[in-house]
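With the hints as constraints, model all of the structure from the sequences given.
Quick note on numbering: the UniProt record's numbering labels position 34 of the sequence shown as 34, and the sequence is numbered without any gaps.
Any given hint could be a false lead.
Keeping only pairs whose Cα atoms sit at most 25 Å apart, straight-line, the calculated DSS-like set for lysine-lysine is [claimed, not checked]:
(1) K103 x K92
(2) K23 x K103
(3) K71 x K9
(4) K92 x K23
(5) K56 x K9
(6) K56 x K71
(7) K103 x K71
(8) K9 x K23
I should point out that these hints are in silico values taken from the structure, not numbers from a laboratory.
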Amino acid sequence: MRDGGAVAKALLAQIAQTVEALKQHDGAAFASMHRHLSRGHDALQSVVAFVVANVKRDPNAVFAGSVPYLKLAGIVLGGWQMARAMLVARQKHADVPSFYGAKIATAQFYAEHVLPQAVALEASIVSAKGADGVLALSEEQF
Numbered sequence: 001m002r003d004g005g006a007v008a009k010a011l012l013a014q015i016a017q018t019v020e021a022l023k024q025h026d027g028a029a030f031a032s033m034h035r036h037l038s039r040g041h042d043a044l045q046s047v048v049a050f051v052v053a054n055v056k057r058d059p060n061a062v063f064a065g066s067v068p069y070l071k072l073a074g075i076v077l078g079g080w081q082m083a084r085a086m087l088v089a090r091q092k093h094a095d096v097p098s099f100y101g102a103k104i105a106t107a108q109f110y111a112e113h114v115l116p117q118a119v120a121l122e123a124s125i126v127s128a129k130g131a132d133g134v135l136a137l138s139e140e141q142f
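Here's what the structure looks like:
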């Protein structure tokens with residue numbers, strides 16, 4: 001990360017604002033999205049910190065976690081967009097209840113079935129120290 005993670009940190013700040021906005025709404029769907037997006041945000045933040053701290057000192061550890069990192073970012077950013085749509089759907093729900101109700105239900109499904117994967121992906125990058133597992137075998141051992 002040439003910028004020391006500045007762009008990623010700015011994006012994480014925007015996600016954190018959405019997490020806070022979710023707290024302003026009642027209901028199981030909003031509580032679920034708040035809980036799971038908050039955990040996803042924390043997982044992505046942890047991995048960004050790991051990448052920034054290790055990219056120069058131990059680049060292989062960072063490279064080894066590149067695919068899980070992309071998956072993690074995609075899941076969390078997808079959840080963030082679902083949460084933003086959910087907030088708009090709450091405001092406009094009275095206009096077309098079936099359409100906006102479906103938006104809220106879809107976001108809740110994503111929160112409960114997709115976002116939880118973020119924590120596992122974080123662990124595969126940070127806790128496993130990436131390269132230790134991926135590069136433990138020599139080429140001859142394959």
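Here is how each hint holds up against the structure:
For the hint linking K103 to K92, the alpha-carbon distance of about 11 Å falls within 25 Å, and the restraint holds. Straight-line distance between C-alpha atoms of K23 and K103 comes to about 18 Å, which keeps the hinted pair within the 25 Å bound. Restraint check for K71 and K9: the C-alpha separation of about 18 Å stays at or below 25 Å, so the hint holds. A threshold of 25 Å between alpha carbons decides the hint, and for K92 with K23 the separation of about 18 Å falls inside it, so the pair holds.
For the proposed pair K56 and K9, the alpha carbon gap of about 18 Å is at most 25 Å, so the pair holds. Note on K56 and K71: the hinted pairing holds, with a Cα-Cα distance of about 22 Å set against a maximum of 25 Å. Restraint check for K103 and K71: satisfied, since their Cα atoms lie roughly 23 Å apart, inside the 25 Å limit. At most 25 Å may separate the alpha-carbon atoms for a hinted pair to count; K9 and K23 meet this at roughly 21 Å.
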